[in-house]
Amino acid sequence: MISPLTALHDPVFRAYLLIVPVSLALGGAILGFLDWGLKKDLGAIWKTYRSWLVMASIGLLFVFAGRIAVIVGVMLLSIFGFKEFARSSGLCRDWWMVGAVYAGIVAVGVASWIPHPSGEEPGGGFYGFFMTVPVFAIALILLIPILRNCARGELQKMSLSIIGFIYIGWMFGHLGFLANATNAYGFLCYIIFATELNDVSAFTFGRLFGRHPLRNKISPNKTWEGTLGALGVSMVLPWLLRFSFPFFGATQLILTGLIVGIGGMLGDLSISVIKRDIGTKDMGAAIPGHGGILDRIDSLIYVAPLFMHMTRYYYPLR
Amino acid sequence: MKSRDYDSVCDVDQALVDRLGRFPREPDILVYGVRALIALIIRGWLRLYHRFEIIGHENLRTNRSLVIVANHCSHLDTLCLLAALPLRKLHRTFPAAAADYFFQSVPRTFVAAVVTNALPFARRVRVRRSLSVCSNLLSDPENILIIFPEGTRSETGETREFKSGIGALVAGRDITVLPCYLQGAFRAWPKGRRLPRPRKVRLIVGAPRSYSSRNSNKIDVCAIAAELRHAVKELGEGNGSK
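Those protein sequences? They're chains H and L, same order as listed.
Numbering follows our numbering, in which position 30 of the first sequence is assigned residue number 59; successive positions increment by one, without gaps.
Numbering follows our numbering, in which position 189 of the second sequence is assigned residue number 191; successive positions increment by one, without gaps.
Take these hints with a grain of salt, some might be off.
[To be verified] With the C-beta cut set under 7 Å, the calculated list includes, among others, these residues of chain H facing chain L:
{"#": "1", "residue": "L37"}
{"#": "2", "residue": "H38"}
{"#": "3", "residue": "P40"}
{"#": "4", "residue": "R116"}
{"#": "5", "residue": "S117"}
{"#": "6", "residue": "G119"}
{"#": "7", "residue": "W125"}
{"#": "8", "residue": "V127"}
{"#": "9", "residue": "T309"}
[To be verified] Computed spacing ranges between beta-carbons, pair by pair:
{"#": "10", "chain 1": "H", "residue 1": "M264", "chain 2": "L", "residue 2": "D7", "range": "41 to 47 Å"}
{"#": "11", "chain 1": "H", "residue 1": "L171", "chain 2": "L", "residue 2": "R110", "range": "42 to 48 Å"}
{"#": "12", "chain 1": "H", "residue 1": "S52", "chain 2": "L", "residue 2": "Y51", "range": "46 to 52 Å"}
{"#": "13", "chain 1": "L", "residue 1": "R195", "chain 2": "H", "residue 2": "L171", "range": "36 to 42 Å"}
{"#": "14", "chain 1": "L", "residue 1": "Y51", "chain 2": "H", "residue 2": "L63", "range": "56 to 62 Å"}
{"#": "15", "chain 1": "L", "residue 1": "A17", "chain 2": "H", "residue 2": "S299", "range": "20 to 26 Å"}
Please keep in mind that the hints were generated in silico from the structure rather than gathered at the bench.
We put the beta carbon where it would ideally sit given N, CA and C, even for glycine.
Starting from the given sequences, assemble the full structure and let the hints guide the process.
Laid out in structure tokens, this is it:
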């Protein structure tokens, strides 16, 4: 089980403690060269870069602080991510629904934290409960209009609550559950690093070579060139960072690459669908230069559960 | 199927601290929860550390919109007045706080907006606009406004002259005004001191008044301010303080 005591003795975590700052420094150096060397107009990119520095430090700090810190951190991100969703969709006016979703998110956190009550599962985390939380959360959400004896407009609110809970609370919650894995440092650090790198590469390739829009009705800025470039990066990365999961064979490495490359793009687009329909540009303004929390974690939401279940299919997680 | 509308909040593209600095604020379930929790802690702390006592508690029991007017010599004043009100009124109580002091830095904005639900009051420029925000607030019954008409914390503990804005706010309107006197807050936490001392604090709530029959011309407005100051001071003197 990961904890602050084991973090600095763990070779994988120590490697990422080096990889993350080096990649950020490299990115900064490239930006600096473009800005001062070639005098390109980069717009507000330094603000975005500064936010990357802050987020990377916070992320490493939470992984360093151990299992419970990661679970709580993921839970807080879910809560504030859902809050952005509720605010932009107008669901936040119904405090009962919002309260039910918050309760569900807390239940996801609790299920990732407590051990199996009769000790049938090894290690921390109650996987059986974790996988069934949606049943209880949806039951609670469906119960609310019945308790309040009202029907008008409730279908819309229930649908928004259910997608909000499943997508932002539960699917993203898988990232917290990964903290229970025996190989938690490798999984957590890799999946976060790779997904964010995938986002950055998609942006970079799109800027450099972008010609053909990927889904022009959903997100005008995403291009086939950016997506394919990012997919290429994500397919190579598992081999480069193979030490994160030394027991992975070729199949698993390819699957990891596909999940990160394609899942990251799909996660981005699925939040874009929501934003497009609501009619906002960003989900919030929590992170300067990035938009809201949801705009940043959107790809992770899609990638984390797929990655966790792929791993669980081949190897025991804990 | 006809497309559905989403009723987004109006400040969706603003960061949390900007949202807290504006007024009126959109209700926020998390902010309300944190505020209620902190209010409970503050109530306990006032009772234990400052042996907080309320005289004239019955005057606070009303469901109409209220203006609470009090003397101001410490940051404890707002906390005491909030602690004297029932907990369910917490989110409908708005202490007018100096925009140039409480809403200038991020930590202060957080404390003012989350803990006390403060209304940013511009006391140097565009006072009239702040006053109209206050008066809009009072048109909704059950809202409570806390005002310190001295405009700033007193440095000697003495109650200073009241600004005439308070008169303009209540003159000719059917609003209940409640004069209150805070005793001991100056000794407990005077201006300039970092942390409060464990001194007894007492809140004396006066009888409700109304100025609905008064005009809002300059003379009357100043007279109301002077009358209120007199009422507040009297409460203090009646209970054995200088």
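Each hint tested on the structure:
Hint status for L37(H) relative to chain L: violated, with the closest Cβ pair at about 32 Å, above 7 Å. With 7 Å as the threshold, the beta carbon of H38(H) stays out of range of chain L, its nearest partner Cβ sitting at about 37 Å, so the hint is violated. Checking P40(H) against chain L by beta carbon gives a least distance of about 39 Å; that is not within 7 Å, so the hint is violated. The restraint placing R116(H) at the interface with chain L holds, with a minimum CB-CB distance near 5 Å, inside the 7 Å limit.
Because the smallest distance between the Cβ of S117(H) and any Cβ of chain L comes to about 5 Å, under 7 Å, the interface hint for this residue holds. Because the smallest distance between the Cβ of G119(H) and any Cβ of chain L comes to about 3 Å, under 7 Å, the interface hint for this residue holds. With 7 Å as the threshold, the beta carbon of W125(H) stays out of range of chain L, its nearest partner Cβ sitting at about 10 Å, so the hint is violated. Here the hint on V127(H) is kept, as its CB sits about 5 Å from the closest CB of chain L, short of 7 Å.
A distance limit of 7 Å between C-beta atoms decides the matter here; for T309(H) the minimum to chain L is near 6 Å, and the interface restraint holds. A beta carbon spacing of about 42 Å between M264(H) and D7(L) agrees with the range 41 to 47 Å that was offered as a hint. For L171(H) paired with R110(L), a C-beta distance near 43 Å keeps the hint of 42 to 48 Å intact. For the pair S52(H) and Y51(L), the supplied restraint of 46 to 52 Å holds, since their beta-carbon distance comes to about 50 Å.
At about 55 Å, the beta-carbon gap between R195(L) and L171(H) misses the expected band of 36 to 42 Å. Range check, Y51(L) to L63(H): about 57 Å between beta-carbon atoms, so the 56 to 62 Å window is met. Distance hint check for A17(L) and S299(H): the Cβ-Cβ separation is about 24 Å, which falls inside the suggested range of 20 to 26 Å.
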